[in-house]
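There are 2 protein chains.
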Amino acid sequence: MAEHTIGRDAPTHTTWDACNEPVGRIASGDVVHLATQDFSGGQIRRDSTHQDVPALDFGAIYPLAGPIFVEGAEPGDALAVEVVELRPADWGYAFLSPGLGLLPRDEFPEPYLKVFDLTAGAGGATRLTNGVEIPIEPFLGTMGVCPAGGRDVPIPPPHRGGGNIDLRHVTAGSTLLLPVLEPGALFSAGDAHAAQGDGEVAISGLECDMEFSLRFTLRKGLTIPGPQLRRPPGSLTPRVDGDGWYGTFGVEPDLMEGARQAVRAMIDHLGRERGLSREDAYLLCSLAGDLKITEVVDAPQWIVGCFVPDAVFVAG
Amino acid sequence: MAEHTIGRDAPTHTTWDACNEPVGRIASGDVVHLATQDFSGGQIRRDSTHQDVPALDFGAIYPLAGPIFVEGAEPGDALAVEVVELRPADWGYAFLSPGLGLLPRDEFPEPYLKVFDLTAGAGGATRLTNGVEIPIEPFLGTMGVCPAGGRDVPIPPPHRGGGNIDLRHVTAGSTLLLPVLEPGALFSAGDAHAAQGDGEVAISGLECDMEFSLRFTLRKGLTIPGPQLRRPPGSLTPRVDGDGWYGTFGVEPDLMEGARQAVRAMIDHLGRERGLSREDAYLLCSLAGDLKITEVVDAPQWIVGCFVPDAVFVAG
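Residue numbers (this note's numbering), protein chains in the order written: chain A, 1 to 316; chain B, 317 to 632.
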């Protein structure tokens, strides 16, 4: 087993493309140390303001580290990516961008940006607003292999080979399995988050730069249809289980509308019971709220729940 | 504060109807002791077989206890229903009914019934098949108030006043808040489950008879759009947090199709890695698997995950 370090000066890429030149060629079992800028590629800075959100150049977003070529990987195999270590930068940010989140533009018509202090590191917490602290639980929002025959494919939509899956549960100690779709797998990662809830409902996680270490293991002949996850022992929400939860629900004939209704009800609840502004409530749902499909068979009405942990509320 | 007992011989009702005669009139703060038969109203018995599933008379299902008239409750208020105690019967069952679950009829064309031993009670576990044990975590699948102006409204689809919400998280110690939609609230409950995952994907929870005690508190002037839940301190999945989880994901432009793909991938995984039959794997997803919307903003692809806890796998 070897270790490889892909430095910060290595080229990055902003589309999936089978012709992207690998930044490293590794064997199954190897560990790779990598680093990426935040999803904006450094466009958002510590001193940025709300108006820097609409000014983002979307042609330069998602600078991914990679691709990494895994010797012997062929379509029909699976690539197991174990998250060995994640080291977020000492600051990050979250934002609202009108029309891009779960709720439509007319409900949140203004851009909004909040910068966070991450000096407490993984295992610590960071302040959203007075009396609200978000646990820092880092993961990589984008982890994926190149789609079959991929040529200049945009990064933002996830695909069956993973990519921008924004899966909050791929924390350190977890293993993501991905189907290999091109020879060598051509794995890339980036879009680091210091925190995010299931759904990432407001379009943004807690975006940050990150250094990270991953172990790659080839599972020859394991054919899987999409991403799969193996979690280590323990709760999926270990940072907040000491306190309770509040849940709001959308009962609708469409799951997407159910999700919207659940989040709207949570935003109202957080305003009424916790005194949060609508913007901070929406961000809180995005950074620490979890969407669950609690019922999907009682035709013709399905139920989506938005769950926010009480542990985020601290003495103000 | 008073306590009321509504005996097993009290009338039940099988539709929501504002003209249903209340079985009790109570004040805010009162506790009510109730009991219901399983969702089938006793049509499934301990010695029932697969062929008793298609023979079910759907005109006699969902015999609910209630309605309970809460003095002073008016539309615009909320009714808080605290789950004080739940005592499941000593046996229960789960089933597949072609075309009624998340997956279509052609994937599971045959009815399937499994009877479970619940003598271990809440806090214990019950065997699904060799090497698989389901934690017994009872709740009431149906808890709701009469819809506004309700006349002979079928029970199965949930509505904004709750009803057949099949919310696994309303366990003892939790409080469900419901909007009052008719004077007196007219609360009813039934459809007890000894276990169920988020989604209840195969159409059935672990259905059983149950005795239960609920405390009702009127929240005058608290107007909420739909059901809301307050959970006591602790993990949402306390029975399985000692071990890890496996997750499978559907990456699709439609959340319902994403849920189907996630469950299909889990059924394949459980067959390959745990040796489960397709029927038992589907039932396991329904009784102990949780659906989560892990990403809902990376247009045009959303992600639904199906999570099954390792703790259900025991020495065979």
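Hint data in this document are derived by calculation from the structure and do not stem from the laboratory.
Ideal placement from N, C-alpha and C gives every residue a C-beta, glycine not left out.
Check each hint, because a few of them may be wrong.
To be verified - Negatives, chain A to chain B, calculated, CB over 12 angstroms:
(1) 45
(2) 46
(3) 50
(4) 72
(5) 111
(6) 119
(7) 211
(8) 213
(9) 310
Unchecked claim - Example chain B residues on the side facing chain A (calculated, C-beta under 10 angstroms, incomplete):
(10) 407
(11) 465
(12) 475
(13) 542
(14) 609
Said to hold, decoys possible - Just so you have them, the derived chain A footprint on chain B, three or more residues with Cβ under 8 angstroms:
(15) 381-395
(16) 512-522
Do the hints match the structure? See the list:
1. No Cβ of chain B comes within 12 angstroms of the Cβ of residue 45 of chain A; the nearest lies about 23 angstroms off, and the non-interface call holds.
2. Even its closest Cβ contact with chain B, about 25 angstroms, leaves residue 46 of chain A beyond 12 angstroms, as expected for a residue assigned away from the interface.
3. Under the 12 angstroms C-beta cut-off, the non-interface status given to residue 50 of chain A relative to chain B holds; the minimum distance is some 19 angstroms.
4. Under the 12 angstroms C-beta cut-off, the non-interface status given to residue 72 of chain A relative to chain B holds; the minimum distance is some 22 angstroms.
5. Distance check for residue 111 of chain A against chain B: the nearest CB is about 16 angstroms away, which clears 12 angstroms, and the non-interface claim stands.
6. The claim that residue 119 of chain A lies off the interface holds: its Cβ sits roughly 28 angstroms from the closest Cβ of chain B, which is beyond the 12 angstroms cut-off.
7. Non-interface call for residue 211 of chain A relative to chain B: holds, since the shortest CB-CB distance, roughly 24 angstroms, exceeds 12 angstroms.
8. Even its closest Cβ contact with chain B, about 21 angstroms, leaves residue 213 of chain A beyond 12 angstroms, as expected for a residue assigned away from the interface.
9. A Cβ of chain B approaches the Cβ of residue 310 of chain A within 12 angstroms, the least distance being about 8 angstroms, so the stated non-interface status is violated.
10. Interface hint at residue 407 of chain B: violated, since its Cβ lies 23 angstroms from the closest Cβ of chain A, which is beyond the 10 angstroms cut-off.
11. For residue 465 of chain B, the interface hint is violated, since its Cβ never comes within 10 angstroms of a Cβ in chain A; the closest pair sits about 17 angstroms apart.
12. Checking residue 475 of chain B against chain A: minimum C-beta separation of about 6 angstroms stays under 10 angstroms; hint holds.
13. The beta carbon of residue 542 of chain B comes within 5 angstroms of a beta carbon in chain A, closer than 10 angstroms, and the hint placing it at the interface holds.
14. Taken as an interface hint, residue 609 of chain B checks out: its beta carbon lies about 4 angstroms from the nearest beta carbon of chain A, inside 10 angstroms.
15. For the region 381-395 of chain B, the assignment as covered by chain A is violated, since 0 residues bring a beta-carbon within under 8 angstroms of that chain's beta-carbons and 3 are needed.
16. Counting residues of the region 512-522 of chain B whose CB falls under 8 angstroms from any CB of chain A gives 6; the rule of at least 3 is met.
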